[in-house]
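Given next are the chains, with one letter for each unit.
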Amino acid sequence: MTRALDVSGLNAFYGDIKVLDDVSFAVEQGRVTTLLGANGAGKTTALRAICGMVRRSGKVDLDGGTIVNLSTEDIVRRGVAHVPDGRGTFKNQTVDENLRLGAITRRNGPEIGRDLDMVFSYFPILKTRRQQQAGLLSGGEQQMLAVARALMLRPRLLLLDEPSFGLAPLIVAEIFEIFRRLNRDEKLAILLVEQNASIALDFADHAYVLETGRIVLQGSAEEIRRDDMVSKSYLGY
Amino acid sequence: MTGIDNLMDKALDKPGAAPSRARRPYRQAWWAATLAALVILPFVLDGYVVFQMTLVLVYALAIIGLNLLTGINGQFSLGHVAFFATGAYTTALLMDAGLMGYAWTLPIAGIVAFVFGFLFGLPALRLEGIYLALATFALSVATPQVLKLTPLTPWTHGVNGISLPKPEVPWGLPLDQDQWIYFFVLAVVMVLLFLALALVGSRSGRALLAIRDNPIAARAMGINIWLYKATAFGISSLYAGIAGGLSAIVVQYVSPDSFTMNVSIAFFVGMVLGGLGWLPGALFGGAFIVFIPQISADIADKGFEGIAYGLCLVVLVFVMPSGLAGGIDLVKRKFAR
Amino acid sequence: MELLIQQILSGIATGSIYACLALSAVMIYQAIGHINFAQGEMAMFSTYGAFQLISMGVPYWVAFVAVVALSFVGGMAVERVMMRPLLKASVFSQVVMFIALLTLFNAGAGFFWDYTVRAFPSPFGSQPFLGFSLLSQHQAGMLGITVLLLGLLFLFFRFTRVGLSMTAAAADPVSARLVGIRVGWMIALGWGMAAAIGAIAGMLIAPVVFLDPNMMMSILVYGFTGAVLGGLTSPAGAVLGGIIVGIVENLVGTYVPVIGGELRLTIALAIIVVMLVVRPRGLIGRKIVERV
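Residue numbers (the numbering used here), protein chains in the order written: chain A, 61 to 297; chain B, 5 to 341; chain C, 54 to 345.
Because the hints were derived from the structure by calculation, they are not lab data. Misleading hints may appear alongside valid ones.
Below, in silico cross-link-like pairs of lysine to aspartate or glutamate (DMTMM-like), each with a Cα-Cα straight-line distance of 20 Å or less [claimed, not checked]:
#: 1; chain 1: A; residue 1: K247; chain 2: A; residue 2: D265
#: 2; chain 1: C; residue 1: K141; chain 2: B; residue 2: E172
#: 3; chain 1: C; residue 1: K141; chain 2: C; residue 2: D225
#: 4; chain 1: B; residue 1: K152; chain 2: C; residue 2: E315
#: 5; chain 1: A; residue 1: K292; chain 2: A; residue 2: D262
#: 6; chain 1: C; residue 1: K141; chain 2: B; residue 2: D50
#: 7; chain 1: A; residue 1: K247; chain 2: A; residue 2: D76
#: 8; chain 1: C; residue 1: K141; chain 2: A; residue 2: D265
#: 9; chain 1: A; residue 1: K119; chain 2: A; residue 2: E171
#: 10; chain 1: B; residue 1: K152; chain 2: B; residue 2: D217
#: 11; chain 1: A; residue 1: K151; chain 2: A; residue 2: D134
#: 12; chain 1: B; residue 1: K170; chain 2: B; residue 2: D217
#: 13; chain 1: A; residue 1: K187; chain 2: A; residue 2: E171
#: 14; chain 1: B; residue 1: K152; chain 2: B; residue 2: D50
#: 15; chain 1: A; residue 1: K151; chain 2: C; residue 2: D225
Owing to the predicted nature of the structure, the values given are computational and were not obtained by experimental measurement.
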């Protein structure tokens, strides 16, 4: 079965500086992969490279089809939904408009309507705040809106960049519970970048550890969690 | 990176700043050749062409002034016709009132233009990039209207303009009037050019460059940004004003409709084509302004000059790096191998 | 009193033209963060196009619609061909390009149609509107068309997918790309619309100021003044600003003795400088975020 995402020999650049060096990882269909690492390791860059937001080279295949030379818009249209760090919501637009924008490339009205209902069932708070300006929502609500908007694309692959950032632990747990449901019920493949290693490893099936632009460790989430180096450096014990 | 962006980087390599060892003799040769050519010209060419070359020098002076503001200090101006007109009308008014000879009007034209430029530069301090371009754009468009103001007509003669007498050849020199005017203008331009170069090479000049490149860092180093920027505006206007005064003397006529947006654009185009910051470049820019209308009038009806300007700019932005300066460097690099 | 009302109405009518140009300016500003100095010349060029069609016997409204459509396409083409490569370039490069466009369109008009001043027909006539001496039919027509245009634009941005996409692309191009919006095309659309609106403005004002290649330069400045006054980030502000400028200009011209009519551009300049220095976001615009 082709992988949802297959990245091999990926290099990424900011200007002339090489930030990712020969990086390889994958997300299996319907599974969750997590990229771990400290600040500046290149995790966010990896997501940006997949989406074509930085200069990159190497192999990036989505469901077997190459996307490494496409523009961001085209990659998104192939079914990659990216929830960036900083949420990326349209602050001056309402919740409703944000969700409509998530589906802006889709044609089928009734299907979009059904997805809207689906999204509201996962995030009921958004329904109550439907006509509010997105910029006025709390941090947790904005995160939910960002994910909901990504779901409106009906993506094949969901990229999550530090979804726990700046959120209270209770909210984080709530959000990750929703991610679990999405992965389980919608069979959504997810690539998760997280600094919070323990919650990421709880959730993911596979894990890769990045250090200054290179993969230094990989394996199943279980294996990684038990690894000495990881538990000392990233899990704190 | 477009050609224009290369141009801005090039500006760091200014005459006055220490050029690299390899370039020094080359650059000096260029200067000597240009100067020699300029001195010989009026004896070789006929009267009308000498007149045109004089205008080229006048425009080159204005372009050098604009350069000081935009190239060195990074402030935009699409409004330099206003300062040019200020100088021109100051000269014209003083001469018309019989108050003084043409030569003495120039410092006054310069000072008046400086004051005006400095004053305009003050509110302009708060404006950056496109906003400054917009404000100066409006300044240009407003200029002819201001010159036609009815209450000022007793002096400016409104739309009719002011006619001026042609300067006489002094001290019995063996030159005809066109040649004398040419050398007079050449002398003024050379003096002002060397002053400009001295400024750029000085500490103040480096301060101006620093402000252009990184205003925050400049301020952190203790440079009084506001004073420098407003003064840069003033100095740039001074140059434009003296150029304006010279143009009044050379053309022997000023009228409001000579000072339109097109003149500002011409200066701007000349500066861009010349390649921010080079004397030969400014001359090339000036030549472009003066001769393209001539040539295009021979090719086709009026209007073609604008098309020529426009096309040159387009080509410049996309193709030829750094205006003339860049084109020559490109050639130099090819030959260096 | 009647004179005052007449002047105010007249100011609103001309102000509506400034509002159109202000709106075009805001559209492009929202798309690329820059001001297109060539807008007036593009509008003038479109107006000449209409003139050409009408002289060749095409009925006025057919020519009107054709020119609006062609200007739309032309505006998009200009953006895609000439401005797109410069999207990442410096302000300086882009300003040079605007100036290039300005000279090309101005010279082009002079080249194809020469510099004699011409009359441009009005489909409304110059009779008093509804018998009132307060407003001529043409002025009423200017107002009417502008209101109609604004209404259509409002509906477009509020209720259509493309409108929402354009708004999103202007507000946050990165996020817009992440939902799949082709931001480049949205920018082109903005230019197309700005050009079309400019053409409408040109065709409406030409009967009043007469057609010549330099007719739009000062009108453009008034348009920019309106945009700066209302707020470069606010379409509604642009309209409001344009109308205010129209009224102020008219009243100053009528009531300030001797030089009132001659100070209009100076006043516009003063407004621009004061607004940009004191309150750059305009009367009702949002705070302009510095694009570092």
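Going through the hints against the structure:
no.	hint	verdict
1	K247(A) to D265(A)	13 Å, holds
2	K141(C) to E172(B)	54 Å, violated
3	K141(C) to D225(C)	16 Å, holds
4	K152(B) to E315(C)	8 Å, holds
5	K292(A) to D262(A)	17 Å, holds
6	K141(C) to D50(B)	48 Å, violated
7	K247(A) to D76(A)	39 Å, violated
8	K141(C) to D265(A)	41 Å, violated
9	K119(A) to E171(A)	33 Å, violated
10	K152(B) to D217(B)	40 Å, violated
11	K151(A) to D134(A)	24 Å, violated
12	K170(B) to D217(B)	45 Å, violated
13	K187(A) to E171(A)	18 Å, holds
14	K152(B) to D50(B)	36 Å, violated
15	K151(A) to D225(C)	9 Å, holds
The structure shown violates the earlier hints numbered 2, 6, 7, 8, 9, 10, 11, 12, 14.
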